[in-house]
Structures are given as structure tokens and as C-alpha cells.
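There are 2 protein chains.
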Amino acid sequence: MSQISNLNKIKGGEFLIKETEAADIFIPEQWDEEQLMIAKTCADFLEAEVYPKLDALDNHEEGLMESLMDKAGELGILGVSVPEEYGGFGKSFNTSMLVAEVIGAGHSFAVAMSAHTGIGTLPILYYGNAEQKAKYVPKLATGEWKAAYCLTEPNSGSDANSGKTKAVLSPDGKHYVINGQKMWITNGGFADIFIVFAKIDDDENLSAFIVERGFGGITMNPEEHKMGIKGSSTRQIFFNDCHVPVENLLSERGNGFKIAVNILNIGRIKLAGAAIGASKAVVDKAVNYSNERIQFKLPISKFGAIRYKIAEMATKIYAVESAMYRAGQNIDDAYDALVADGMEPGKAKLKSTEQFAVECAILKVYGSEALDYVTDEGVQIYGGMGFSAEAPMDRAYRDSRINRIFEGTNEINRLLTVDMMLKRAMKGELNLMGPAQAVAQELMSIPDFNQEDEGLFAYEKRLIKNIKKATLMAAGAAVQKLMMTLGKEQEILMNIADMASLAYVAESALLRTEKLIGIRGEEACATQIDMVRIYLNEAMDQVWLHGKEALNSFAEGDELRMMMMGLKRFTKTEPFNVKDARQRVAKVVIEKNKYPF
Amino acid sequence: MSQISNLNKIKGGEFLIKETEAADIFIPEQWDEEQLMIAKTCADFLEAEVYPKLDALDNHEEGLMESLMDKAGELGILGVSVPEEYGGFGKSFNTSMLVAEVIGAGHSFAVAMSAHTGIGTLPILYYGNAEQKAKYVPKLATGEWKAAYCLTEPNSGSDANSGKTKAVLSPDGKHYVINGQKMWITNGGFADIFIVFAKIDDDENLSAFIVERGFGGITMNPEEHKMGIKGSSTRQIFFNDCHVPVENLLSERGNGFKIAVNILNIGRIKLAGAAIGASKAVVDKAVNYSNERIQFKLPISKFGAIRYKIAEMATKIYAVESAMYRAGQNIDDAYDALVADGMEPGKAKLKSTEQFAVECAILKVYGSEALDYVTDEGVQIYGGMGFSAEAPMDRAYRDSRINRIFEGTNEINRLLTVDMMLKRAMKGELNLMGPAQAVAQELMSIPDFNQEDEGLFAYEKRLIKNIKKATLMAAGAAVQKLMMTLGKEQEILMNIADMASLAYVAESALLRTEKLIGIRGEEACATQIDMVRIYLNEAMDQVWLHGKEALNSFAEGDELRMMMMGLKRFTKTEPFNVKDARQRVAKVVIEKNKYPF
Ligand SMILES: Cc1cc2nc3c(=O)[nH]c(=O)nc-3n(C[C@H](O)[C@H](O)[C@H](O)COP(=O)(O)OP(=O)(O)OC[C@H]3O[C@@H](n4cnc5c(N)ncnc54)[C@H](O)[C@@H]3O)c2cc1C
Ligand SMILES: Cc1cc2nc3c(=O)[nH]c(=O)nc-3n(C[C@H](O)[C@H](O)[C@H](O)COP(=O)(O)OP(=O)(O)OC[C@H]3O[C@@H](n4cnc5c(N)ncnc54)[C@H](O)[C@@H]3O)c2cc1C
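Just so you know, the sequences run in chain order A and B. Going by UniProt numbering, the letters in the first sequence line up with residues 1 to 597, in that order. Going by UniProt numbering, the letters in the second sequence line up with residues 1 to 597, in that order.
Hints in this document: simulated from the structure, not taken from any laboratory. Check before you lean on any hint, since a few could be wrong.
Which copy is meant is left open, because identical chains are indistinguishable; a pair holds if it fits in one copy or across any two.
To be verified - Think about it this way: if two alpha-carbon atoms lie no more than 25 Å apart in a straight line, the pair counts; the simulated DSS-like pairs of lysine-lysine are:
id	residue 1	residue 2
1	166	461
2	568	11
3	139	465
4	133	461
5	427	594
6	302	488
7	302	481
8	465	18
9	481	423
10	285	481
11	347	427
12	71	427
13	166	297
14	461	572
Bear in mind that the values here come from a model prediction, so they are computed numbers and not experimental data.
Take these sequences, add in the hints, and give me the full structure.
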């Protein structure tokens, strides 16, 4: 259910060309009682059940992960976003994001749970027919059955649709007989249900099947040895004449790749949620350590080098968190609107996430990279103890690293960010061309150097507009210049992806803070204001660098000169003492001795 | 022995204010037959003895590390830089750097060996008296005895001089009785000799002792469990009334901290060597993988996103390697000059390294960060396999991470970089003030916009001069403005440290390439020229960002405006298509299927 009364019908990707009002976004300071209670249940569960068992989990203590999943199921944690008719609680998408965030601090458990509730359960919930849903979803919502998702194969990773696993109808027409090999399957070791992607006969596209472990013909290799999330079961799985009843085909023949992609959209934004939860936990520990650890007769939290890190950690978390609940709410709002228009809920859920696939990809990238930054600096703050397996940073660092790889590598997601926007533009769903042309026009005109920014954030809002202009300028020119070959110019696409992403995340942090000021007043939000400015300051620098690199990659001579002048104009900033701002942010975090926002 | 006839008497830190001729630096393309043979011995040793045992090492197979050290000793690898009179081969410093580089690809073995030959052996070699050297060094040079270095304590890490370990003269005056606890001691589990730092009575400063395991009173905790370099023995060591004969005091009472610091200087540049060796090995594997791994019907090495990484990896390695052998040769040259002036060789070795302590700190930071970058992208290139403990990137990634922590954290080394330069300036040993004032003057004058850069690298040399000017401007102004409090402004110091470091590393890459062109001709060096330009392009951007951040941290109003104009001028570049340059570099690396420079 939407928490924003003023339904803003913004579409996915439109952040680049439309203004959003602060009032129209959801901010995590607005969780209601119930949501906070759900969050507390999750946090308590980690504290009581998961944290004492982290070593045992990583050592694959027999049955432990399953029993934790069972307990989570008993508490209702696995069914938060499953509709009530299927034994869940039917909570909003953002509520399920909140659960992902809180549980995200739970290391391997978080991965197991997210695979189960996300890529494991949702294909059935969203693409299953009535019988399939009735049969499987209630058991999944309570954790009685556990699920895994089998897409990747040894020779088919990023290129997911190239899988070789085959499904052939049995002579009697009652079964699909599946043969093939899947790899890297999370929860593989104990799952009861496998969502298996395979090609029927010589189809070009995948189909999806619900496969029960009991169907037979399933064998697996031992647990993979991994850098991190060691407690998460990861298996290579072999299907040898695995007989799947025809009624277990999910959706339609050839629809599998679409299912895979759409389910991954949800997985991506949820991954950002989990990454932010994990990041906060790392900051809590690192700031605490920095307050306790004395060197040169001072707690190391007194040193500028450490305060810098603490402020950067907090700022990145704050910014990505702002974007992620903003997008989550957009998804909720779109869902509500679609259902109000009469769409079937499962379909509406998919459509609403698909609508914001660009934002999901951005969040996947920026969430996982925030976590990598945070854990890396967490290790560094701990010094030698950061390298000790007996202190918490080692596990955090190793567990973090997977997030840039799965749910689509960050390279793939960066490429998708731009690719999806351009495709929508081409289809006329997203009016990028108009605004891009307007920017091109603006380049020709005399710049207005006497801009008066009045009121709080007027200046910052202008900067964000400018990032968007810079992005549109670079993207527009690249499209015009390179046309059909742009798809091969990955470096340029990645530059543009980052420019767009920075616009989105910086704007989200600003809107959140603006809304918060409306509630708490400016004074109470001084630190948040600092964080917005710190983030924006860096974003402007990054936009400049990405823009320069992109433009120099395809333009020359006068055209380049003109666009570079534009880029300079669009990334121009007023002097800002970012050091002092970081010191102020660090001070608050250090005093509270945890991530406090 | 120096390999550069034209002895250039440049002093440490002077790179910031003096021009260096390409002819005056050593480049690794100039290794002589003997050096190449030594390198090959080391590489063969890794191939034959270490690589097949990496898992066994990480599992602490009983006696394995010691036996590998023994074998390395038999091959002479441990005694390369030990004088012949003590059973070594008396090779130059840069030759020992080469050994550090090649062995650097040897994971835990590299750490064990570097602790033994470096911080374990050198204190005796450089600070021992004749008897001490005669007694210990020959056994260390062959590996018959193995050494560890005990400086760190639970409450004394970065603040190394604050250790609590005590040494008290025994009533009969024959022994120092040592009590205390040391931590994180590499090779602790099997070392025969411990260099132990402790305070005699209530001294303010540490003293250093040569402690034999057999002296008794030494106990240790089990092996530490660590994120990486798991094969390296790391122990907590307790000294309980450990009786050390008075003749085993190293150097003089109270001289321990100086010993520790000077030995660490050498350790720092050697760490860069090891990091570069490890980095090259990672590139070899990653590029090979990228050539073999097919996705979307193409080897992934065809994708711009991957080529970007490969080019960046190679460029960083090339640049840091250039700087590290340049500094190594400076140390060799300074040593030769001091010995020619009649200084005792041990003392001369120390003085020559101390002289280049700034460069050693820079290299420690940039070497370890290059390796972290390279391993991180190595993981990413491997995709899911990057996260597998059965593929090589997992170990590389985990082993890499220690390098930013030990031998002085990178924070401490960045701070030291500037601190040492300013102290030298204060003492009149380094004329920073003159050049800084000249830059300040230049700011007032009308810039000469019609600079004609003639000849290869004329433009690039101007850019490097400009980085130095920007650094001097920021440093000079910070000193003037903040005076005595600058030491507390760590953020500013770190900005300046990076600006200076970028000048040094970029210049080194350029000089190396210039010299190489003189030998091979321009055409044969096209890729190296590209790498210089790629590195410099990024360096200019970074200098701009660091400079801006620094200046905005302490200046305001007109002063800030003027300096920002200067910074803009100093970081101004011509358009450069860095994407195409990276593509060209990647092409070469991919074709050679390894790091080929
Ligand atoms: C611990 C773990 C758990 C996992 N859990 C599951 C699971 O439950 N179910 C499941 O189906 N899968 C799972 N995976 C698989 C995961 O989704 C894949 O590893 C991921 O999609 C990347 O595929 P890959 O490993 O084949 O890498 P590749 O696709 O081979 O990629 C290698 C490198 O090439 C790059 N690359 C590839 N194609 C392109 C391109 N066109 N352009 C630019 N760069 C490109 C990638 O970004 C990457 O850097 C898991 C993996 C791991 C490691
Ligand atoms: C695997 C391993 C092997 C090692 N081997 C040896 C060995 O053989 N012999 C030995 O003696 N030691 C050894 N060490 C110890 C190593 O040198 C120390 O870990 C290192 O010096 C950092 O000290 P610390 O761990 O106490 O961190 P701390 O000094 O507590 O540092 C914690 C954090 O605070 C920062 N910090 C500290 N002081 C300041 C300051 N003044 N300003 C700004 N930031 C500051 C640091 O940069 C770091 O980020 C080893 C350590 C490890 C992990």
C-alpha cells in the first residue's frame, strides 16, 4: 500500500528529465509503527539467532541454515510481501525492502533468505497460474519449503539466455524431461523447489519450470568453496532425465528469459537494500572500534584520516538509502495505480518493477559499491585487526565482494542502465530527445551567469539539474554521432550510466533531506544537509570526469570544444569546504557511536 | 653497484623541485644478464616449489614454509643483498628489489621471505656490531636460521614507540630480562631469531635486541586466523623473563625506534616491489581468462568494459614499476657515493635509504593500492569464478589486502610523505620554500597561454611540471596559513601527499619511456607512450580534485580565488581520447596474453 497520498505518476527513467517534488518521495524517516515493528522483529532475529551462529554457518553446520530459515518463517519474515491469500502478510514493496535492509546485515543468512524469498519464490508468485501458486507459495511463505533459482550454467553467466539445459516433452506428453548442468545455485544444497530455466527442444529462448527435489534425476556437486558468504549453500546441479510434470511449466513456453530478467529487477533493488543494511552494521562496528582504539594517546576517531572515512561511509549510505526507498515507493505507487486500473496483482507487481528497471540497475551498482567502499574502509579502520578472522571486518569484507558479481555484474547493470533508457526513448516511452535537444540549444545560447539561488537547496537543485543536462548532452551527442555502434562503445555507455546514476542518487539524497526538513526543521537536519552537499560535491567532480572522458571519446574539434564548454558550465560549483563538512558529519556519527541517520 | 654511469646527485624528495633527465634513471628494461638470471632463478623456484604448494601453505602444513625457506636459501635467494663476507652475494639494492618483485607473486611465501630477509635480517646487518654480524648474518643469509621482527604490541601499532615491553638489566649485569607481549609477528611460529623492540627501564625510546628462540622465556599463541596470506605464520608472542645476553643489544640503548623506522623504509619500497610482482601475476591470469571465457559468443576480452580494466591494470603497474626502480637506483647511487666518501657500508645502506624515505613511503602507498586495484578487477573479470576459492583470484584478493595495513598503514605513510618533506625543508635540507614562492609569484603574473610544446613529451613534461607547481602552491599556502596546526590537518596533508605522489609516479613513467625510446625507438614504444598519457591524464584529474579539496579547506575569498585560478592553470590539459588509448594498450596485453612490459 502506498504511503504517499499525492500519487506522482513519474515513470521509470524519467528522473533524468522530470522534476520530482520532495513531498512525492518516501523517506525512511516515515516508517509507520507496523513497519518499525517488522524491522525490529528482523533485527531481533539476527541478534538472537544469526549472529551467535555466524561461524557455525560459515562452517556449514549440518542443518543450521535450514533451521534458521524455519525460524524466520515462523516469525513471518519470509512472507512479508507474499499476499495474504497465500499465507503471507501482503505488505508493500517498500516494507519488503525494509526487511531486505535489516536482514542484509545477516551475512550468509541474508543471501540464503533473499534467494529464497526473491528469485526462489517470486517467479511462482508472479508468473505461476492459480494451481501453481496455491500449491507452492504458501509453503514457501512459511519456509516449510525452501527455494533456489537455477539460471546460470558453466558457459552461460552474463549471457543468461545462452544456456544449454534442455527440456524435451516425454513421449506420453506428461512430462518435460530436463537435462543439463546449472552452476552457482544458491540454496542448492537444501532447496525443495528449484526454478529451472531450460530450452524446450531447439527454442531460441528459455522456458522456466518449477522443479521439486523429489522429481528425481537431480544430483549435485559438494558445496563450492568461496571467498565469502561461506555459510550460503552454493552448488553445481546436474539434471539427468529429471521428469517435470507438464503442469509445472511456468508461464508460457519461451517466456523464461523474460521471467529471469524481471525477477532479477526485483533482486537488484533488494540487493541494494541488503547492501545498505550490511553497510550500516559495518559503520556501527567501525565507529565503535575507532572510539575505543587508542594510538598516540588518542582514540583514532580523533584523527582526520579516520574521520574522513567515517563521514564518507555515512554519506554514501545516506545517499543510496534515499534513492532506494524512493524507487521502492515508486514501485509501490505504480503497483497501486495498475491494480486500481484493474490489473491482476501479480502482473501489476511485475509491471511496476519493470517500469523502474533503470532505477533497480542503478541501485544494484551503487548499493554494492557503497558496501564495498564501507567494508574496505572498515578493514582499514581496524588496522591489523581488520585482517583478523576473529574480528568482524574480515567476514564483512569477504561477504561484500559477491554483490558486484551476482544479480548481473555491475558491468552488465551499468550497460543496462543506459541501454534500457535508450530503448525506451526509441520506443517513445521516455522523451529523452526533446530535453537533449533543449540542452544542445542551450549550449548555443549565452549562459546566464547571474543566477540567484534563493532559499535552502536552490543552489544544490540547480547543480542536480546541471548533472542531468550534462548527462543528456553527452548521451544525446553520443547517440547522434555513433548511432548504431554506440552499443559497442561500452566505455562511453558506462560513463553515461554513472552520470545518470549520480544524478539520481544525489537528487534522492537532496529530496529526502528537503522532506525531512519539512518535518523536523532545518536545524535538526544540519548533518543531513552536510551529507547532501558532500555527496553532491563529489558527484559534480565525477560527472565532470565521466563527461570529459565520454566526450573526448567520440567528439573532436569545434564540436568537442563546444560540448566541453557546456560540460564546464554544467559542472561549475561554488567553493565548498568539504573537509569541514566531513568533520561535522563524522562528529555526529562518532558521538552517537553508530550510524545514526 | 650502480648501473648508471652518469651519477645524478639528486636527493630524496627533490623530485618535487628538480628536473631529472631520462638518462639518469634506471629502467627495468636494462637488467643485465646476471640480474635476469637471478630473476629467473626466483621465478623457477616459485613455479617448481611454491605454486604447487599454495593450498598446503595456507593450511599450515607442518614444516612446509620452513622447508621452502631452506630451499630458497640453498638457491641463494635469501642472501642476494647480503655482503659476500657474510655469506651473501652482495648485489645492489635494485637487484634485491627485483628479487622482491619476482618473489612477490609467491603469496604467503613472499611475505615470509620478505620478513626474513628484510625486517628480520637487516637490523643485524645494518646495526649489528662485528661480532653480531659474524654470528648471525651468515646463518640468516642461507636460511639456516630464520628471523622475525617484533615491534607491534596489542596497544602499540601505528604508534610503534609506545610499546610496553620492558628490558631490565639482571643483577649480575649479564642479561637484559625482557617481559612483554608482541603481536602480529610474521614468521613467529618458526623463527630462530627475533629482533625484539623493548624499553630499557623507564626509557622513553625503544631499544632493539637480538633474541634467540633458545634463550627461553618465549611462549606464543596459536597461529592467527587471517583474511589472507594464511600460509604466513603470524603469532602473538609473550616474553616472560626472557634472558638476553647484554651483548645482544643492537646498536645503542634508546636507538630502537630509529632502527625500526629505518628498516621500515626499506621494507616499504620492497613491499611495492612485491606488490608489482603480484600484480603482474594477476594480470597474466586475468587476461588469459578473459581470452578464454566466452559470453555472448565472444571472448570477454572483446568487451570495452573488460579492455578498460586490462589497460588500467597494465598502466598502473607500468607507472609504479617505473618509480620503484628509479628510487631503487637512487638508493644504489647514494650508497655508492657515500661508500666512495669513506662511509662504512652498513651505515651507507641506511643513510641512502633514509635519504629516499619519502619515495619509499610513496611507493608503499601506490604499490599496495595498485595491487588492490588489480586484484579487485581481477576478481571482477573472473565473474562468479572470481569468488571461487578454487580459482586464483580469491587468494590474490585476500592476500593483497594486508599490504595497505602493514609496514605502516597507508594513512601513516601518506602523512609521513608530507611530514618528512616539510621537516627537511625546515632543516634546510630540501629547498621547498624557494620554489613554492616562485609558484606564488607566477600566480600573480599573466599566464603565457601560447606555450609551444615541441617534440615528443614536451607537452607531458610541462604537465608534470605543473603538477609539481600545484603541489608546491597548495603545500606552501597550507604551511603559511596553518603553520603549527598543519600537522593536525590530516585531510589536507593527505591531499598534498597524493599530489606529490602523482607527480613522482607520473614523472617516473614518462622518464622510463623516454629512456626506452632512446634505446628502442619511438615506434617500438607506442604502447608505453600510451600508458604514460593514460596515467598522466588521470593524474591531472586527481591533482585537480585533491588540490581543489585542499585549497577549499583552508583558504577563502580572494586568496582562494587566486589559487583556484592557479590550480586550473596548472591542471589544464589538451583534449585526449583516453578511451582509444586504453583500447590500444589493452589490445597489446590481450594479444600477448600476459603483462608484456
Ligand atoms: C556465490 C554465488 C551465488 C550465485 N547464486 C546464483 C543463483 O542462485 N542462481 C543463479 O542462476 N546464478 C547464481 N550465481 C551466478 C551469477 O549470477 C553469475 O556469476 C553472474 O551472473 C556472472 O556470470 P559469470 O560468473 O558467468 O561471469 P561472466 O558472465 O563470465 O562474466 C565475466 C566478466 O565478463 C564481464 N562481461 C560478461 N559479458 C559482458 C558484456 N557483454 N559486456 C561487458 N562485460 C561483460 C562480466 O561483467 C564479468 O566482469 C551465483 C554466483 C555466485 C558467485
Ligand atoms: C598479517 C600481519 C602481519 C604483521 N607482521 C608484523 C611483524 O612481523 N612485525 C611487527 O612488528 N608487526 C607486524 N604487523 C603489525 C602491523 O605492522 C600493524 O598492524 C600496523 O602497523 C598497524 O597497526 P595496528 O594494527 O595497531 O593499527 P592501528 O595503529 O590501531 O591503526 C588503526 C587505524 O588507525 C589509523 N591510525 C593510527 N594512528 C593514526 C594517526 N596518528 N593518524 C591517522 N590515522 C591513524 C591507521 O591508519 C588505521 O587505519 C603485522 C600485522 C598483520 C596484520
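For each hint, the structure was consulted:
no., hint, result
1, 166 x 461, "neither (53 Å within a copy, 61 Å between copies)"
2, 568 x 11, "neither (30 Å within a copy, 40 Å between copies)"
3, 139 x 465, "neither (48 Å within a copy, 69 Å between copies)"
4, 133 x 461, "neither (46 Å within a copy, 69 Å between copies)"
5, 427 x 594, "neither (47 Å within a copy, 43 Å between copies)"
6, 302 x 488, "between (48 Å within a copy, 10 Å between copies)"
7, 302 x 481, "between (52 Å within a copy, 22 Å between copies)"
8, 465 x 18, "within (9 Å within a copy, 45 Å between copies)"
9, 481 x 423, "within (17 Å within a copy, 54 Å between copies)"
10, 285 x 481, "neither (50 Å within a copy, 36 Å between copies)"
11, 347 x 427, "within (21 Å within a copy, 75 Å between copies)"
12, 71 x 427, "neither (47 Å within a copy, 68 Å between copies)"
13, 166 x 297, "between (66 Å within a copy, 19 Å between copies)"
14, 461 x 572, "within (13 Å within a copy, 28 Å between copies)"
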